[in-house]
Amino acid sequence: MRKKILTVIGTRPNYIKVTQFEKEFSKYPDQFEYRLLHTGQHYDRNMRDIFFEQLKLHKIDYALGITHGTPGAQIGEIISKMDAVVHEWKPDLIIVVGDVNSTLAASIVANKSNTKLAHVESGLRSRDLQMPEEWNRLVTDQLADFLFVTEQSGKENLLAEGKKEEQIFFVGNTMIDTLVAFESDIDASPVLNKMNLSPESYVLMTIHRPSNVDQPESLKKLADLIQFVSSNYQIVFPIHPRSMNNIKKFGLEKSFTENKNLLLTEPLDYLAFQKLIKHCKLVITDSGGIQEETTFRRIPCLTLRENTERPITIELGTNELIPFDLAVIEQKISSIEKGTFKKGTVPPLWDGKATERILKEISVHL
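Last residue of the sequence shown: number 348 in this note's numbering, and the count goes up by one each step with no gaps.
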């Protein structure tokens, strides 16, 4: 009898980590029946549909369609609705990815229904318990039976937390699988022409964490940073609606909208965003996944955070953690321009074959 596999996604970062699953499971037609569940945690239908179209995620078997609410309300609604799906279909394995609320909720459903659980991107730790994502990672890993890690630190963290070595599989990074699989589509994106940008003439910025955009003082610092960087480069800044609302609320709109070298955009589709990463001079961010994408591309990445759950991007890659300090940022940009900034290398097993390795392990151990 074929084993039933249910993969759960809910947000855009999830989408880009599962694009190769359906293809790989199709290589085992006599062994597995594969289905995909979308919780609806990211509720922008237009952006979701664009991502699905670009990433060829056409087969959504279950769409929970949860409503927009508080994190607790969302988690509760996912648990309730997904529990019904699991009790009806009775999967043999639930696969979750990343560290979002959908990941946590699905892990709880797996545990309470006595269903085996696999966590892709397991073992990453920032050590910052103020981050809700850190709790999602910790709880999910404690509940998981199969732990698929992207880097050596993941394995070390899981062993230190009492997980068994035979549960842990170093497979590489499924997000890089997507980059490799869609490279020609990324190259074909017209975004540079549409924005009238030439390679290495611009800085890509993604700032969205509450500590950087929810207070007037932090937004003033962000405005100063943009003013400084835009004196030498164009800046492409896909801005979160909440950030834009705060800019207006605190009376800082002119600092952002009247800067001719600042291109404020809506959230971008996958192919456009990846092309912007590939051809930018550098990235300034407080996000997670982009630290890995820039490391794979060997693009300098300045991360305005005190910690990262992805230390391989610092140890081997092109990422650096820096304070939100103009003098430090100026120094780092200068080193990038002079060619003295670290060059970085691509981490082990970030070769586009992580999903393939995951399937091999599941086929043997489930």
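These are computed hints drawn from the structure, not numbers from a lab. Be a bit skeptical, because a hint or two may be false.
[As the list claims (entries may be wrong)] Straight-line C-alpha distance at most 27 Å; calculated DSSO-like pairs for lysine-lysine: (1) 263 with 231; (2) 314 with 324; (3) 146 with 203; (4) 236 with 202; (5) -15 with 5; (6) 335 with 314; (7) 335 with -14; (8) 263 with 342.
Status of the hints after comparison with the structure:
| no. | hint | in the structure |
| --- | --- | --- |
| 1 | 263 with 231 | violated (32 Å) |
| 2 | 314 with 324 | holds (10 Å) |
| 3 | 146 with 203 | violated (45 Å) |
| 4 | 236 with 202 | holds (12 Å) |
| 5 | -15 with 5 | holds (16 Å) |
| 6 | 335 with 314 | violated (33 Å) |
| 7 | 335 with -14 | holds (23 Å) |
| 8 | 263 with 342 | violated (38 Å) |
Figure legend: structure checked against the earlier numbered hints; hints not met, in rising order: 1, 3, 6, 8.
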